[in-house]
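So the sequences go chain by chain: A and B.
When the count follows this note's numbering, it moves up by one through the first sequence with no breaks and lands on 356 for the last residue.
When the count follows this note's numbering, it moves up by one through the second sequence with no breaks and lands on 468 for the last residue.
It is possible that part of the hints are untrue.
As the list claims (entries may be wrong) - DSBU-like mimics (lysine-lysine), calculated; alpha carbons at most 35 Å apart, straight line:
id: 1; chain 1: A; residue 1: Lys87; chain 2: A; residue 2: Lys151
id: 2; chain 1: A; residue 1: Lys30; chain 2: A; residue 2: Lys8
id: 3; chain 1: A; residue 1: Lys314; chain 2: A; residue 2: Lys132
id: 4; chain 1: A; residue 1: Lys86; chain 2: A; residue 2: Lys163
id: 5; chain 1: A; residue 1: Lys204; chain 2: B; residue 2: Lys370
id: 6; chain 1: B; residue 1: Lys394; chain 2: A; residue 2: Lys25
id: 7; chain 1: A; residue 1: Lys6; chain 2: B; residue 2: Lys379
id: 8; chain 1: A; residue 1: Lys240; chain 2: B; residue 2: Lys394
id: 9; chain 1: B; residue 1: Lys369; chain 2: A; residue 2: Lys30
id: 10; chain 1: A; residue 1: Lys238; chain 2: B; residue 2: Lys370
id: 11; chain 1: B; residue 1: Lys403; chain 2: A; residue 2: Lys234
id: 12; chain 1: A; residue 1: Lys234; chain 2: B; residue 2: Lys394
id: 13; chain 1: A; residue 1: Lys97; chain 2: A; residue 2: Lys25
id: 14; chain 1: A; residue 1: Lys135; chain 2: A; residue 2: Lys150
id: 15; chain 1: B; residue 1: Lys403; chain 2: A; residue 2: Lys240
id: 16; chain 1: B; residue 1: Lys370; chain 2: A; residue 2: Lys25
id: 17; chain 1: A; residue 1: Lys135; chain 2: A; residue 2: Lys192
id: 18; chain 1: A; residue 1: Lys238; chain 2: B; residue 2: Lys394
id: 19; chain 1: B; residue 1: Lys370; chain 2: A; residue 2: Lys30
id: 20; chain 1: B; residue 1: Lys394; chain 2: A; residue 2: Lys204
id: 21; chain 1: A; residue 1: Lys192; chain 2: A; residue 2: Lys234
id: 22; chain 1: B; residue 1: Lys464; chain 2: A; residue 2: Lys6
id: 23; chain 1: A; residue 1: Lys150; chain 2: A; residue 2: Lys192
id: 24; chain 1: A; residue 1: Lys192; chain 2: B; residue 2: Lys403
Worth flagging that the hints you see were computed from the coordinates, not collected in a lab.
Listed here are the chains, written in short residue letters.
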Amino acid sequence: MSIHQKTKSLASRHSELSDTFFQLKVLNGKEVTDARFPAFSETIRQAGFPDGRLRPTRIEIFQMNVGKLCNQTCAHCHVDAGPDRKKENMSRAHFEKCLDILTRYDIPKVDITGGAPELNPHFRWFVEECRKLGKHVMDRCNLTVIVSNKKYHDLPEWFAENKVEVISSLPHYSALRTDSQRGDGVFDDSIKAMQMLNAAGYGKEGTGLVFNLVYNPTGTFLPGNQASLEAEFKRQLKRKHNVEFNNLYAITNMPISRFLDYLLEGGHYESYMQTLLDSFNPGAVGGVMCRSTISVSWDGYLYDCDFNQMLDLKVAGKNHLEDFDLNALESRDIVLNQHCYGCTAGAGSSCGGQVA
Amino acid sequence: MSKKHYFDPEDLKKFGNIGEWQKPMADKFFAWYGEVFKEGALTEREKALIALAVAHTVQCPYCIDAYTTDCLGKGADEEQMMEAVHVAAAIRAGSSLVFSTQMMNHTKDMTM
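Generate the whole structure from the sequences, applying the supplied hints.
The structure is reproduced here in structure tokens:
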């Protein structure tokens, strides 16, 4: 079944929000809305982080956003990815530079995201090279890409051969909730892809092939308890579709890009930001992912996380693959802004789920 | 009264203020309330769905808003939430209809 896209990218709509500087102005009450919230750095200063600064622990995850090209156009996408984003994709030269860095430094995990990373022509070669280096590779697969074209049907077996950890978004076990965010037909295609992954051994006990799901709210509310959501997803997906997975990561929607557009369009921006602030959890600050991750963009720039990347907030100091210096990166100040409240609300949020 | 309507969604945010005029009782109520909704023999989601159903029975608009949000956050979907409301509605309807046995008894007593 083909997917009926939910929306168009902000870029193709020529929306003002496709300008990252404009988004930052909105978040700081200088455009569209005059709603201003306490500075995130001040909030964490009051929570006991000296001078309101955040520093890395150790860089353990080399996260690469290899491009904005995607077969889906989800309503909440923080990357503003879609089928129209054909230009912004990582070149072979930048992949080779990443490989060089991964050879030189002891960074154990490579986390590949997009867009749909599998659409990048260098994807399979790169993953195989990372595996030769002994790296743990994670692929953030949107599921439907597996059934989108015959040439991707073998991905589950190929993932298994290379022992890639597969992490996939599925915002709900109900078709209505999932399709309302990701496009009509996405749920059915996702279930087919999950069944193919299960057939290849993913999510099955004893295979060692890890298949994790990402839950994010399909609206203006925060995720509930991760363990409880995981239990219910497991029960419902097994019962209705005979599908299995390992862990569920609950992730909060960040007030940036297309989710910011959704918030502003519906008049929910102020109340959502207030909800994030009211739910600020000092105990979540220490576990945020920017402390252990470095994020690389398709054009080789370095960021503290994928969200900072989408706001074009580059790391402090030397900020390109060409100047990669692990020691300098591990002693940098992390760039903070108002969207960071999204990672510290409730039980906290990261690419690996709740943190507190 | 300054307002021209009885219910204002903004008033829900003032719920915690009920302690201003009777703090010991309010403190006990909120502590107990928090305990009730913790995961126990029932999951947090099951409790939220029960609360949503009861909210419709007592027709409390604050509770309906609050527990719709809570149900969504805890992973319930539209189908489950509507089923919960049907359970509440069925009990309300049934509790009226079951009294018809009294009407039937009385009618039989009075008629040939």
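To see whether the hints hold, each was checked on the structure:
1. The straight-line distance between the Cα atoms of Lys87/A and Lys151/A is roughly 21 Å, inside the 35 Å bound, and the hint therefore holds.
2. About 26 Å separates the Cα atoms of Lys30/A and Lys8/A, which keeps this hinted pair within 35 Å; it holds.
3. Note on Lys314/A and Lys132/A: the hinted pairing holds, with a Cα-Cα distance of about 30 Å set against a maximum of 35 Å.
4. Note on Lys86/A and Lys163/A: the hinted pairing holds, with a Cα-Cα distance of about 29 Å set against a maximum of 35 Å.
5. Note on Lys204/A and Lys370/B: the hinted pairing is violated, with a Cα-Cα distance of about 49 Å set against a maximum of 35 Å.
6. For the proposed pair Lys394/B and Lys25/A, the alpha carbon gap of about 40 Å is over 35 Å, so the pair is violated.
7. Distance hint between Lys6/A and Lys379/B is unfulfilled; the C-alpha atoms sit about 50 Å from each other, more than 35 Å.
8. Restraint check: the Cα-Cα separation between Lys240/A and Lys394/B comes to about 28 Å, which is no more than 35 Å; the hinted pair holds.
9. A C-alpha spacing of about 27 Å is found between Lys369/B and Lys30/A, which places the hinted pair at or below 35 Å, so the restraint holds.
10. In summary, the hint linking Lys238/A to Lys370/B is not supported, as the alpha carbons are separated by about 42 Å, beyond the 35 Å threshold.
11. Distance check on the hinted pair: Lys403/B and Lys234/A sit about 19 Å apart at the alpha-carbon level, within 35 Å; holds.
12. Distance hint between Lys234/A and Lys394/B is fulfilled; the C-alpha atoms sit about 21 Å from each other, no more than 35 Å.
13. Proximity of Lys97/A to Lys25/A is assessed by CA-CA distance (about 34 Å); at most 35 Å being required, the pair is judged to hold.
14. With a C-alpha separation of about 29 Å, the suggested pair Lys135/A and Lys150/A falls inside the 35 Å cut-off, and the hint holds.
15. Proximity of Lys403/B to Lys240/A is assessed by CA-CA distance (about 23 Å); at most 35 Å being required, the pair is judged to hold.
16. As the CA atoms of Lys370/B and Lys25/A are separated by approximately 31 Å, the hinted pair is consistent with the 35 Å bound.
17. Between Lys135/A and Lys192/A, the direct Cα distance comes to roughly 29 Å. Compliance with the 35 Å bound is thereby established for this hinted pair.
18. Distance restraint check for Lys238/A and Lys394/B: the Cα-Cα separation of roughly 26 Å lies within the 35 Å cut-off, and the hinted pair is therefore satisfied.
19. Taking the CA atoms of Lys370/B and Lys30/A, the gap is about 30 Å. The hint holds against a cut of 35 Å.
20. Our distance criterion of 35 Å between C-alpha atoms is met by Lys394/B and Lys204/A, whose separation comes to about 31 Å.
21. With a CA separation close to 16 Å, the supplied pair Lys192/A and Lys234/A stays within the 35 Å bound.
22. For the given pair, Lys464/B sits about 62 Å from Lys6/A by alpha-carbon distance, which is inconsistent with the 35 Å threshold.
23. Distance hint between Lys150/A and Lys192/A is fulfilled; the C-alpha atoms sit about 14 Å from each other, no more than 35 Å.
24. Simply put, Lys192/A and Lys403/B have alpha-carbon atoms about 32 Å apart, close enough for the 35 Å limit, and the pair holds.
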